[in-house]
Amino acid sequence: AWAIADYGFRAVVSSFFADIFKNNALNNGLLPVTVSEIFLQKIFSLNNETTLTINLEQQTIVIDATGESEIFDINAYKKNCMLNGYDDIDYLLSIKDDILNYEKNLA
7 AWAIADYGFR AVVSSFFADI FKNNALNNGL LPVTVSEIFL QKIFSLNNET TLTINLEQQT
67 IVIDATGESE IFDINAYKKN CMLNGYDDID YLLSIKDDIL NYEKNLA
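For the sequence shown, this note's numbering gives the first residue as 7, with consecutive numbering after it.
Hints may be right or wrong, so weigh each one.
As the list claims (entries may be wrong) - Below, simulated DSS-like cross-link-like pairs (lysine-lysine); rule was C-alpha separation at most 25 Å, straight line: (1) K110 / K28; (2) K84 / K28; (3) K48 / K28; (4) K102 / K84; (5) K85 / K102.
To be verified - What follows is a list of derived Cβ distance ranges for each label pair: (6) E109 / A71: 51 to 57 Å; (7) L106 / S21: 40 to 46 Å; (8) S75 / G35: 19 to 25 Å; (9) I105 / F50: 35 to 41 Å; (10) I95 / F22: 27 to 33 Å; (11) Y13 / D96: 21 to 27 Å; (12) L106 / A24: 47 to 53 Å; (13) A9 / K110: 40 to 46 Å.
Calculated from the structure, these hints are not laboratory results. Backbone N, C-alpha and C define an ideal beta-carbon position, used for all residues, glycine too.
Sequences are here, hints too, so could you generate the full structure?
Next comes the structure, spelled out in structure tokens:
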């Protein structure tokens, strides 16, 4: 996953991802978009010039040439991290005040 991300890809599309690849991809800022087998075949049936539009916020993928779209799932935490450019440490730092308030009220 890191090699794909280092090459410049920001997303990969398939009908299935192994859990370890999916987690590694998300941890490296690479969005794994899982689509149905039918939708994937539609993508492959078009020429190599076909582009896709992926909207992480809306969790949609669109075949630009045909306008066909699908909704994809993503873990809410990982979605938040990807939208904000966070890794796990950045996320914790972003909620530092909430953590400190929780700790203060715990005592």
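Now the hints, each set against the structure:
no. : hint                   : result
1   : K110 / K28             : violated (36 Å)
2   : K84 / K28              : holds (11 Å)
3   : K48 / K28              : holds (23 Å)
4   : K102 / K84             : holds (18 Å)
5   : K85 / K102             : holds (19 Å)
6   : E109 / A71: 51 to 57 Å : holds (53 Å)
7   : L106 / S21: 40 to 46 Å : holds (44 Å)
8   : S75 / G35: 19 to 25 Å  : holds (23 Å)
9   : I105 / F50: 35 to 41 Å : violated (46 Å)
10  : I95 / F22: 27 to 33 Å  : holds (30 Å)
11  : Y13 / D96: 21 to 27 Å  : holds (23 Å)
12  : L106 / A24: 47 to 53 Å : violated (38 Å)
13  : A9 / K110: 40 to 46 Å  : holds (44 Å)
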